[in-house]
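So that you can map any letter, position 70 of the sequence shown is 69 in numbering that gives the first Met the number 0, and since no number is skipped, the others follow by simple counting.
Careful, some of the hints might be misleading.
Stated by the list, open to error - Below are the SDA-like pairs computed for lysine to any residue, each with C-alpha atoms no more than 25 Å apart in a straight line:
no.	residue 1	residue 2
1	Lys96	Glu84
2	Lys54	Gly39
3	Lys40	Pro61
4	Lys96	Asp76
5	Lys54	Gly69
6	Lys11	Val24
7	Lys11	Met22
8	Lys38	Val28
9	Lys54	Val24
10	Lys38	Pro61
11	Lys40	Ala25
12	Lys38	Leu51
13	Lys6	Arg20
14	Lys38	Met22
15	Lys40	Pro23
16	Lys40	Arg20
17	Lys11	Leu51
18	Lys40	Gln53
19	Lys38	Arg71
20	Lys4	Leu16
21	Lys6	Leu16
22	Lys54	Arg71
23	Lys93	Gln103
24	Lys40	Val28
25	Lys93	Pro61
26	Lys40	Glu55
27	Lys38	Val24
28	Lys40	Asp76
29	Lys93	Glu104
30	Lys54	Asp76
31	Lys40	Ala58
32	Lys93	Arg71
33	Lys40	Glu17
34	Lys11	Asp44
35	Lys38	Met48
36	Lys54	Trp43
37	Lys40	Asp30
38	Lys38	Ala59
39	Lys38	Val8
40	Lys38	Gly74
Read the hints as simulated data drawn from the structure, not as lab findings. Note that this is a predicted model, so its numbers are computed, not measured.
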Amino acid sequence: MGGEKQKEVREKRREELEEARFMPVARGVEDEELNRELKGKLRWDDPAMAFLTQKEDGAAAPNRYGIRPGHRWDGVDRGNGWEGERFRALNRTKRNKDLDFAWQEDT
């Protein structure tokens, strides 16, 4: 009959109880298996979980210093756009010089 999963769970529980027969009654700090088991548990009130878990970083707006938004900066560019205009003007003049040179070569 069915119940394969229940049989597996029962067998696993039976093995755990068999292993527990040989465990000491008082388990201390040096018990590696207990430490592994406790470290593997997730707790909702763990304060270290905020900075130990890996967070996925999304796309951030480009800025001059490469700073990602966080608690020091919210990612909003509050400038007047002068730097962007300056770099566009520099690129435009360089492109125009290159185009002028290319047109001279063609004629």
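Now the hints, each set against the structure:
1. Lys96 with Glu84: Status holds; Cα separation ~18 Å.
2. Lys54 with Gly39: holds, 19 Å
3. Lys40 with Pro61: Given that 25 Å is the threshold and the Cα spacing comes to 39 Å, the pair is violated.
4. Lys96 with Asp76: Distance ~31 Å between Lys96 and Asp76 Cα, so the pair is violated.
5. Lys54 with Gly69: holds, 12 Å
6. Lys11 with Val24: holds, 21 Å
7. Lys11 with Met22: Cα-Cα ~17 Å, so holds.
8. Lys38 with Val28: Cα-Cα ~12 Å, so holds.
9. Lys54 with Val24: violated, 40 Å
10. Lys38 with Pro61: violated, 39 Å
11. Lys40 with Ala25: Within the cut-off at roughly 20 Å; holds.
12. Lys38 with Leu51: This hinted pair holds, its Cα atoms lying about 12 Å apart.
13. Lys6 with Arg20: holds, 21 Å
14. Lys38 with Met22: holds, 19 Å
15. Lys40 with Pro23: holds, 22 Å
16. Lys40 with Arg20: holds, 23 Å
17. Lys11 with Leu51: With a Cα-Cα distance of about 31 Å, the restraint between Lys11 and Leu51 is violated, given a limit of 25 Å.
18. Lys40 with Gln53: Holds - the C-alpha atoms of Gln53 and Lys40 are around 16 Å apart, at most 25 Å.
19. Lys38 with Arg71: Violated, at about 32 Å.
20. Lys4 with Leu16: holds, 18 Å
21. Lys6 with Leu16: holds, 15 Å
22. Lys54 with Arg71: Distance of about 18 Å is within 25 Å: holds.
23. Lys93 with Gln103: holds, 15 Å
24. Lys40 with Val28: Since the Cα atoms of Lys40 and Val28 sit roughly 16 Å apart, the hinted pair holds (cutoff 25 Å).
25. Lys93 with Pro61: The hint holds at about 22 Å.
26. Lys40 with Glu55: At roughly 22 Å apart (the allowed maximum being 25 Å), Glu55 and Lys40 satisfy the hint.
27. Lys38 with Val24: holds, 20 Å
28. Lys40 with Asp76: violated, 42 Å
29. Lys93 with Glu104: holds, 17 Å
30. Lys54 with Asp76: Given pair Lys54, Asp76 holds - Cα atoms ~24 Å apart, limit 25 Å.
31. Lys40 with Ala58: violated, 32 Å
32. Lys93 with Arg71: Violated. Lys93 to Arg71 sits at ~36 Å, over the 25 Å cutoff.
33. Lys40 with Glu17: holds, 23 Å
34. Lys11 with Asp44: violated, 30 Å
35. Lys38 with Met48: The given pair, whose Cα atoms are some 12 Å apart, holds under the 25 Å limit.
36. Lys54 with Trp43: Satisfied, since the Cα-Cα distance of roughly 17 Å is no more than 25 Å.
37. Lys40 with Asp30: Given pair Lys40, Asp30 holds - Cα atoms ~16 Å apart, limit 25 Å.
38. Lys38 with Ala59: Between Lys38 and Ala59 the Cα gap is close to 33 Å, so the pair fails against 25 Å, i.e. violated.
39. Lys38 with Val8: It holds: about 23 Å lies between the C-alpha atoms, which stays within 25 Å.
40. Lys38 with Gly74: violated, 35 Å
Checked against the numbered hints listed earlier, the structure breaks hints 3, 4, 9, 10, 17, 19, 28, 31, 32, 34, 38 and 40; every other hint is satisfied.
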